[in-house]
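Novice: So you can see what is in the structure, the chains are spelled out below.
2 protein chains.
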Amino acid sequence: MSCIVDFEPIGRRVVAEEGETILQVAQRGGIGLAAVCGGAGTCGRCRVQVMTGALSRATDSERARIGPDQLAEGMRLACRAVVLGDLKVNVPPSSLTTSQRTQVEGRALDVPFDPPVRTYEMELARAGRDDLRSDATRLCEQVQARGLDCTSIDLSAAQRLPVLLRTHDWRVTTAVARGRVVAVLPPGNPPLGIAVDLGTTKVAGYLVDLTTGKMLAAEGMMNPQIAYGEDVMARLTHAVQNEGGADRLQEVIVAGLNELACTLCAKASQSPVDIVEAVIVGNTAMHHLLLGLPTEQLGSAPYVAALSDPCDVMARDIGLTCVPDASIHVLPNIAGFVGADHVAMLLGSGIHNAGDVVMGLDIGTNTEVALKVGDRLLTCSTASGPAFEGAHIQAGMRAAPGAIERVWINEERVAYQIIGDVLPVGLCGSGILDAVGQLRKIGVLSKTGAMSREHPRTRQGARGPEFLIVPGSESGNEHDIVLTRADVSEIQLAKGAMRAGAEVLMEEAGITVNELDRIVIAGAFGFYIDVRNALRVGMFPPLRPEQFEQVGNAAGVGARLALISAEQRALAGEIAKRAEYVELTNDVRFTMKFAEATLMP
Amino acid sequence: MSCIVDFEPIGRRVVAEEGETILQVAQRGGIGLAAVCGGAGTCGRCRVQVMTGALSRATDSERARIGPDQLAEGMRLACRAVVLGDLKVNVPPSSLTTSQRTQVEGRALDVPFDPPVRTYEMELARAGRDDLRSDATRLCEQVQARGLDCTSIDLSAAQRLPVLLRTHDWRVTTAVARGRVVAVLPPGNPPLGIAVDLGTTKVAGYLVDLTTGKMLAAEGMMNPQIAYGEDVMARLTHAVQNEGGADRLQEVIVAGLNELACTLCAKASQSPVDIVEAVIVGNTAMHHLLLGLPTEQLGSAPYVAALSDPCDVMARDIGLTCVPDASIHVLPNIAGFVGADHVAMLLGSGIHNAGDVVMGLDIGTNTEVALKVGDRLLTCSTASGPAFEGAHIQAGMRAAPGAIERVWINEERVAYQIIGDVLPVGLCGSGILDAVGQLRKIGVLSKTGAMSREHPRTRQGARGPEFLIVPGSESGNEHDIVLTRADVSEIQLAKGAMRAGAEVLMEEAGITVNELDRIVIAGAFGFYIDVRNALRVGMFPPLRPEQFEQVGNAAGVGARLALISAEQRALAGEIAKRAEYVELTNDVRFTMKFAEATLMP
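Residue numbers (the numbering used here), protein chains in the order written: chain A, 30 to 630; chain B, 30 to 630.
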């Protein structure tokens, strides 16, 4: 039997079948419900409040994660609650994945403009009785006459050429790559390129004029795959364990990229038809899901990629209907968990050819660490988990409006800064890190993370000690925003993993922290954090704050470099080949260092 | 209002809208109704007999082409008669294009087996903790270890590889072309190739084992585009003048090729999934319609192709869903009306590197003529028209069951041979040619085609003199099968055009008929004709009958050669470059010779 489910305050109505979970209905309706665990009932992030209607009885897993008062108010886990009739469901902001802060900017590097796709404005000899060459031959020979290698033409360009020539007086803008005419455009239209940093959580896109290298627009969006699991492993699980799961994940990200391309063009008053090339970088899992490559072998030991070399595919072959005839260049992966996004980060930050000893960290649910020492470039990946995305944290949330992104605590009071002009809803990653760092600074937290009860805001919570950040009376919420001892443990585990990875790389390279000249922190989260608080929790090797560089989206910068410079694109290939991947799973050094790295200085 | 149209004796029921013509309804229903003129009401080939139901009144064009008796019996032109209610329509065999004799065989040439797609049976090292290479890298490096150039892999192969490796104990059949892995197959499966000769009327397909070069199956079919016009110009007109016309023509031929590929595989107990490459040859118009290239500039002076160079496209890019990941190699065109099929014919017949002076003719609605003299290879195209396909001939029909394919006439009697074990229905091309040749031999026809009344079978028909081949009393038809003076004129025009083309090429090359060593006749029609009768009507330069070679489908042979030999494929490219195209339109020599060539010796 069909039922109607109304989602509020979004105001979306979705037809459901009796027996579906609310999460399934929400996913089908394109509602960005957070599902960190991929719908396994374990993360507790997909809470919704059922206002009216018939549902299955609360499961044990829901009782374990939702208090009796909240259950009484209709709070449920969307992934467990089964629809039995028409429903009205309220989705709290903290359960939504959309309208969050995305970071698209990065520190730009200056490289000579030398795009792999070259553009020429051509005027061709007219066809006539004494010149019966085909249109394609006519064009290729004219390109060759400029001393260029050009022996063939893409079918889509050959299809467009005859009408273009005859409606524009035999003039045409010609895009040539790899010895081939890849596109023809009306005279005067610049060929466009897009660079995309395809993250597990966030996607950043850049529109570039390929005749000048100038960036015309930038735009960020959430990865719509989030509805099927918030971290890499949850996505891979969804892809492998659900029939058609991989196809669905490919469909939603492709739909997202189609939308991104259109939005970028609209912003710059350009047409997607003129996009001739895209460079896409993502971690190995995002790369595989986008290209429709199998992921089963990627999700289980020894975590092997199907494809790691750079490759060029036609956009239409992965369903990018907005730009069907564009070619997509995908940068190489280094290993199963060190992907093209890390290659792009190294390229975009310049770490790969730095003259000093430098460490680079790209912090996310997986954190990739790189270390450049002399000629060596070491990399590893650590599963830092989604704690910095607000998951597994009692009052945690993503960096969306209402999130507390900055916290200052002294012996008496607490000050904070909120994203957006709204009342506080919860703590996002940088806020959580601040809170832990500040509490360690004033001694409320010990090295091991034990919470002293001496501060007036410390109290005994339902599951142990907790620190009151914002009382409900102040936020207008029914509940207080707190940081619990368990939350502190989550942060210790997350930062411990990345710190241990950093330590293993230094040991592998045979250097000590004193020999490290600087640390580059890439990514959105890394851009917003307070390095001093990060140092207080021991997240990074103890350099002085001024030795840190927060470069923002360096992977996006790297993708742009590979779009506008053949040399940089080739360099990306070399970086992937050159990088020494250090596998941390079952590495005894990592296990040892990890335990130590969970402690705070 | 919707009506039901029943087509008999085919037994097909099609839903029609009031106001549609019967031809439109038949086309939609996939009924191969002959429409030589593309539905312009001028060829008179789409006669159908309406048994019951309401139609528009007969048009002038129908009155001009159908006698009053036949009109009274419900005979109409399907392209003119408009449906006004439910109908029962009888389609006479002579109006059908289907179930006709197709010629797929050709004289084979022996070339070394050296396919552009090479096959390797590989066993790969297993992935493990100490060997984390991606599957694609693992495979490419193993191919390189055999001393081969292989730097990349097609996306579709990369998608298939991980599961194949893990279900077949790390063994895999690998197909490599152009320095790239283009396909991976289960171990032991031979990669397959198909060669297709895509004619305006007939399509011939061949399935080849690419590990041995052995032909596994051959199959012929009619080009389903026939329903939209029987000759090249009618098709181009349909493509240009009807909205979506070109798309429709592409769709029907692609559907036909999908079916052909499946039929070939079924015949050889193989799977289309294992087809990795196809070589397709066709005239320039068929080439353009298949590839979705624009045809407007091809259909009007100066008749310029959009694309003439050889090209490789992915089958999925033209909708060949049966073999989506196969690559299609399309041989080059020489000019707007001398296509890749002629290149393949020259390759398949060996004319291109013959040591003697040889002329080649590929007879069809367009006849291509080639002349090899020393180092020169001259080509031209003549519009010989569809008379040899039975069109514009009173009792003409295609080479289908019931067609008279051989005729012997002496002073007293007429003997004939029929295709199939059925009563005679009409005359197909070779039968018509025989009849004209025999009548010229016994003097019933003069040099100019005038018909003497002295033979007992000569009589005055409705539109002039005619010769009785089969009386209705003998055939069981209501009408006699005759050859009219007008039919003889059609043959004179058709053969005159190709003969004049042959003469121009000889003049261009500076040779006389005495210097010609032999004439190669390619194509299905050319295979079945009696050369002596063809010489009696003056169709060819007057060599002795033993100087003629009837090689059958040489274009199909050429396509197969390009599939199994990289050298032959390269030769095809050279032939197209080397061939000197002689444009006959507005050539004064042609006009002069044409008038003379319409005469009979």
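Honestly, the hints are just simulated from the structure, not real lab data. There could be a bad hint or two in this list.
Where chains are identical, the list cannot tell them apart; a pair therefore holds if satisfied intra-copy or between any two copies.
In silico DMTMM-like pairs for lysine to aspartate or glutamate, Cα to Cα no more than 25 Å straight-line [said to hold, decoys possible]: (1) 606 / 160; (2) 606 / 159; (3) 243 / 612; (4) 470 / 483; (5) 606 / 152; (6) 606 / 170; (7) 606 / 288; (8) 606 / 49; (9) 470 / 559; (10) 606 / 178; (11) 296 / 159; (12) 476 / 625.
Novice: Next step is simple, just say for each hint if it's right about the structure.
Specialist: Evaluated hints:
{"no.": "1", "hint": "606 / 160", "in the structure": "between (49 Å within a copy, 15 Å between copies)"}
{"no.": "2", "hint": "606 / 159", "in the structure": "between (53 Å within a copy, 16 Å between copies)"}
{"no.": "3", "hint": "243 / 612", "in the structure": "neither (39 Å within a copy, 49 Å between copies)"}
{"no.": "4", "hint": "470 / 483", "in the structure": "within (14 Å within a copy, 125 Å between copies)"}
{"no.": "5", "hint": "606 / 152", "in the structure": "between (42 Å within a copy, 24 Å between copies)"}
{"no.": "6", "hint": "606 / 170", "in the structure": "between (37 Å within a copy, 13 Å between copies)"}
{"no.": "7", "hint": "606 / 288", "in the structure": "neither (33 Å within a copy, 45 Å between copies)"}
{"no.": "8", "hint": "606 / 49", "in the structure": "neither (47 Å within a copy, 65 Å between copies)"}
{"no.": "9", "hint": "470 / 559", "in the structure": "within (13 Å within a copy, 105 Å between copies)"}
{"no.": "10", "hint": "606 / 178", "in the structure": "between (28 Å within a copy, 18 Å between copies)"}
{"no.": "11", "hint": "296 / 159", "in the structure": "neither (47 Å within a copy, 48 Å between copies)"}
{"no.": "12", "hint": "476 / 625", "in the structure": "within (11 Å within a copy, 109 Å between copies)"}
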